[in-house]
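Colleague: The primary structure of each chain is shown beneath.
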Amino acid sequence: MSEHHHDHDHDHSELSETELRVRALETILTEKGYVEPAALDAIIQAYETKIGPHNGARVVAKAWTDPAFKKALLEDGSKAIGTLGHVSRVGDHLVVVENTPARHNMVVCTLCSCYPWEMLGLPPVWYKAAPYRSRAVKDPRGVLADFDVSLPKDMEIRVWDSTAETRFLVLPMRPAGTEGWSEEQLAELVTRDSMIGTGFPRTPGAPS
Amino acid sequence: MNGVHDMGGMDGFGKVEPEPNEPMFHEEWESRVLAMVRAMGAAGAFNIDTSRFYRETIPPHVYLSSSYYKKWFLGLEEMLIEKGYLTREEVAAGHAMQPAKALKHGKFDLTQVERIMVRGKFARPAPAPAKFNIGDRVRAKNIHPATHTRLPRYVRGHVGVVELNHGCHVFPDSAAMELGENPQWLYTVVFEGRDLWGEDGDPTLKVSIDAFEPYLDPT
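Chains as they are written, first to last, in this note's numbering: chain A, 1 to 208; chain B, 1 to 219.
Hint data in this document are derived by calculation from the structure and do not stem from the laboratory. Just so you know, not all the hints are guaranteed correct.
Distance condition first, Cα-Cα at most 20 Å in a straight line; then the derived EDC-like pairs of lysine to aspartate or glutamate [said to hold, decoys possible]:
1) K70(A) x E188(A)
2) K128(A) x E17(B)
3) K107(B) x E26(A)
4) K50(A) x E17(B)
5) K104(B) x E188(A)
Model, not experiment: these values are computed from the prediction.
Excised from the complex, chain A in its bound form:
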């Protein structure tokens, strides 16, 4: 492992104890022949480079421009995404849920942190933390307010609690003013949060 220095405002004694314990565990697993440290490096590198919200953004942009793909995507997310060679491989049981003028979708995992890694990358800290996990199913509009997002008063809000090995991806509504845009241009508008349901896509001309 490389040398690392941090200046975050964490409790420093607690942090270094954890760091020591993690190193000790890796040493033991390596000495016992369970894992190869280079393979751990490779896992980390793969997460850092191969997955991320750009994968989900391409799927959304494709759905916005290709009605047949959108139909297939809503019927069987994993199968439809599997037909796109340029998107990283997706696991089974991905369910894509569509936002409409009448319904907004939002995804949570109240029990742990289930999240569509292949589409969105590793989840942000807030997604895994108690405030979001506790409130999303009871007061989603309050949660959205924490993101400076508000919905029309009478719009249905549907919260999907990921309690099994199904994974959920929100298909946000295509922003107005994007007629004639290419898939690549549209993908630039698709934010991670818009695919979790805690945000909207960028609007044309807004800073990215």
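Since the structure of chain A is already known, use the hints to place chain B on it.
Modeller: Structure of chain B alone, referenced to chain A:
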């Protein structure tokens, strides 16, 4: 188990605080923990449900005061000790002292990395026809197992509607306890917000869970 991990509907945790330009890892050790969990799971030391159960059994005050990857670390260390892959003496010494226990899928080396970047498959052949149809009204059972379950407390006893049938999947309640895969039908069941949270609840809210057939009764 009725643990503190089962957070749906709890109050008092405060605002959601998104971090602008959040890094993938805040400390390097977090990435090592992630990699060790993925590697040892892929090597066959445990399944995903068992690893979740070990995180749930972290004492509540520790669970609530630990970061996400700290919980992963605590769960991993305890699980590997209890499953016989290492000993407390080794953990205290920081070195291997005992012979290794054989891993079901062997050592996790570089050739294994590619296969773990896609999620495992959890669908299984159906042992019996599905009991419920799309549109059926079902009641989430009022059960309180002390072991692992994926039926959150906030829906127990409430009536919802079957919206999707995902086929038969590995049953986490069995798999977590290493009692076999025991495949069960899995449904998306949707509840009215006011049925869950009372008259003061958001009238526009619907909440769904994915529920295994043993969690549900017909109404």
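Colleague: Give a verdict on every hint.
Modeller: Hint check:
1. K70(A) x E188(A): Holds, at roughly 18 Å.
2. K128(A) x E17(B): 11 Å, holds
3. K107(B) x E26(A): 14 Å, holds
4. K50(A) x E17(B): Answer violated: K50(A) to E17(B) is near 26 Å, above 20 Å.
5. K104(B) x E188(A): 44 Å, violated
Comparing the model with each numbered hint stated earlier shows that hints 4 and 5 do not hold.
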